[in-house]
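Protein chains: 2
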Amino acid sequence: MSLARAEIAQQPDVVARLLERERSTLRALAAELRRRRPRYAVIAARGSSDNAARYAQHVLGRILRLPVVLATPSLHTLYDAPPRFIDAIVIGVSQSGASPDVVSVVAEGARQGALTAAITNDPSSPLAAAAAHVVDLGAGEERSVAATKTYTASLAAIAALAAEGDPGLAAEVERLPGALAAQLALTGAAGAAVDAAAGWERLTVVGRGAHYATAFEAALKVRELAGIVAEAFSPADLLHGPIATAGPAQPLLAIAPAGPTEGSMRELVAAARERGAHVAAIGHDPALGDPFMELVDVPEWLGPAVAIVPAQLLAVGLAERRGVDVDAPFGLSKITLTR
Amino acid sequence: MSLARAEIAQQPDVVARLLERERSTLRALAAELRRRRPRYAVIAARGSSDNAARYAQHVLGRILRLPVVLATPSLHTLYDAPPRFIDAIVIGVSQSGASPDVVSVVAEGARQGALTAAITNDPSSPLAAAAAHVVDLGAGEERSVAATKTYTASLAAIAALAAEGDPGLAAEVERLPGALAAQLALTGAAGAAVDAAAGWERLTVVGRGAHYATAFEAALKVRELAGIVAEAFSPADLLHGPIATAGPAQPLLAIAPAGPTEGSMRELVAAARERGAHVAAIGHDPALGDPFMELVDVPEWLGPAVAIVPAQLLAVGLAERRGVDVDAPFGLSKITLTR
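Chains D and E are the protein sequences, given in the same order. Take the first sequence: its letter number 307 is residue 307 in the numbering used here, and every next letter is one higher. Take the second sequence: its letter number 287 is residue 287 in the numbering used here, and every next letter is one higher.
These aren't lab readings, by the way, just hints derived from the structure by calculation. There's no promise every hint is true.
Each pair may be met inside one copy or between any two copies, as identical chains are not told apart.
Unchecked claim - Simulated crosslink set (SDA-like; lysine to any residue; CA at most 20 Å straight-line): (1) Lys-334 / Glu-294; (2) Lys-334 / Glu-274; (3) Lys-334 / Asp-237; (4) Lys-334 / Gly-178; (5) Lys-334 / Arg-143; (6) Lys-334 / Ala-271; (7) Lys-334 / Arg-275; (8) Lys-334 / Glu-267.
Go ahead and model the full structure; you've got the sequences and the hints to work with.
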């Protein structure tokens with residue numbers, strides 16, 4: 001079995017361990033949030049961690065009512081013009097904790113006296129050293145180049161932070177490891193979807209609300225593992241121009257679970273089909289796509305932590321079908337030291 | 001001549017008129033910013049206006065040191081969970097001023113007592129009605145589906161707002177119409193670039209810092225006008241996975257002017273060439289790409305307002321070459337009423 005498949009299978013255990021071990025850290029951070037009442041959050045991240053940041057933008061906004069700035073590291077590293085972080089919490093998300101640009105944003109937050117936190121798989125990393133609060137993902141070494149278990153662990157950490165102090169929501173988070181296990185069992189090897197998608201050369205992934213993050217992470221997995229040119233949009237952004245290239249040669253993957261986003265996803269699927277595009281879907285209604293990958297039932301706000309699983313398995317399956325070395329595809333390296 | 005070409009040619013006049021007519025509005029808004037000292041800005045926008053918002057994120061951060069949240073309209077329109085906008089300025093950018101999702105974010109800002117502003121080409125629009133300060137782009141009706149003059153006008157309005165109260169920067173903004181005219185003259189019909197790009201079926205556009213916005217807007221123009229599947233990344237984001245699909249079939253357009261971002265753009269160009277990708281460039285050093293489209297000299301922070309011109313002309317030229325109806329390409333409509 002590839003490392004990627006092994007790490008995908010580890011996700012229920014990784015999330016269960018995280019929720020257990022990091023409870024007191026998350027509780028302390030939530031207490032600081034209540035005490036200092038930041039006006040907004042700044043999140044610095046790259047790659048899959050940036051997609052976790054997209055989830056954080058939704059969930060911290062929705063549950064804590066906290067607006068989230070996705071940081072612009074170049075203002076720190078190239079222009080020497082860091083924004084003022086007054087009444088802010090500054091969070092860095094990085095599997096390795098080694099990205100200089102992510103570290104520089106959190107270090108600047110600390111220098112300005114902001115509340116700071118790191119979400120990382122390496123508690124001895126420069127990112128962890130720069131932050132006052134360190135959430136250790138504790139996912140074990142992630143050896144596959146494509147991030148899988150550290151992505152779901154980051155989502156679980158963010159969800160648990162948002163749920164702190166609300167017993168109902170916290171109980172929902174506690175059930176996440178079981179939901180992940182159920183999703184892995186339900187999706188299996190995703191063989192039918194891999195068969196149906198075998199001819200894809202490019203792909204548009206669409207999602208909204210909570211699943212805007214899922215769309216971006218699904219596109220990134222399909223791209224880095226299978227070498228398919230996959231891109232992500234919200235339905236609104238797609239309709240504002242990029243839908244010009246929809247058609248038979250550009251299949252679409254809709255992240256369309258039941259819930260508040262289903263209506264606009266249905267409209268988008270209809271518009272894409274009108275243009276002749278082939279539509280696949282991850283969700284609850286098989287009428288929305290073919291191939292269709294069914295989701296287990298979880299509270300809608302936690303959906304992204306399980307909805308990425310079918311996309312991961314589809315990406316790995318397509319990569320294997322194409323003879324890609326799934327653990328080190330296309331000469332990518334695990335840590336990208338961008339400034 | 002197509003409407004698109006006519007509107008591209010109007011850009012120097014449109015920007016000159018805007019800077020003249022909206023001076024007092026921008027001055028009043030800048031005075032409010034100094035008086036109320038918001039901790040951060042929220043910007044709601046879609047399509048090309050969202051790319052103007054990306055420029056605002058850079059410039060308001062760099063010059064006013066204001067962190068910028070790019071709004072998540074679905075929290076307002078689908079989830080009934082708007083974030084708290086305390087000590088914020090909330091800005092909507094929309095050519096038509098009619099997008100319900102953009103209006104809803106600004107209206108929520110007003111409801112919560114935040115400072116609000118609209119940047120729109122229709123001062124009688126719902127967006128203008130929702131905002132306390134209205135910057136009227138005054139670009140004249142934009143009849144081509146692809147936004148061109150309203151995009152550069154939005155950038156000029158944002159730059160002028162950032163420069164208010166700094167005579168040196170304000171003088172630089174005043175020279176923008178001349179720079180736009182010079183850029184139009186320098187690029188001409190972009191015939192050599194259109195010839196060289198005639199075979200492109202897909203494209204990756206890369207830019208950083210100030211030109212992160214340029215990369216997204218250039219990709220959108222090429223996509224909606226020429227029907228080429230074009231996508232945009234920062235160098236760092238591209239290196240974190242998506243570069244997996246770089247190669248001979250995926251040309252790259254580098255937005256690489258002289259200045260702070262040139263070093264990381266050079267590294268990116270080298271990495272893409274190593275993978276066999278064909279690299280075109282917009283910038284100052286012809287060695288960076290072929291075809292190469294030269295930029296006139298403007299202060300680096302104002303570069304995006306002129307660097308989009310060669311991309312607009314390339315997109316229109318490619319569309320004409322392909323027999324696309326450039327004023328109403330691919331069944332797109334001018335106003336997209338997404339919620």
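Here is what the structure says about each hint:
Taking the closest pair of Cα atoms, Lys-334 and Glu-294 never come within 20 Å of each other, the shortest separation being 31 Å inside a single copy and 36 Å across copies. Within a single copy, Lys-334 and Glu-274 get their C-alpha atoms only as close as 40 Å, which misses the 20 Å cut-off; across copies the closest is 19 Å, which meets it. In the homo-oligomer, the alpha carbons of Lys-334 and Asp-237 lie at most 20 Å apart only across protomers (13 Å), although the nearest pairing inside one protomer, at 30 Å, exceeds that limit. Within a single copy, Lys-334 and Gly-178 get their C-alpha atoms no closer than 29 Å, and across copies no closer than 47 Å, so neither meets the 20 Å cut-off.
In this assembly of identical chains, Lys-334 and Arg-143 lie within 20 Å of each other by CA distance solely inside one copy; the values are 8 Å within and 47 Å between copies. Taking the closest pair of Cα atoms, Lys-334 and Ala-271 come within 20 Å of each other only across two copies (16 Å); inside a single copy the shortest separation is 38 Å, beyond that limit. Proximity of Lys-334 to Arg-275 under the C-alpha cut-off of 20 Å is restricted to the inter-copy arrangement: shortest distance 18 Å between copies versus 38 Å within a copy. Within a single copy, Lys-334 and Glu-267 get their C-alpha atoms only as close as 38 Å, which misses the 20 Å cut-off; across copies the closest is 18 Å, which meets it.
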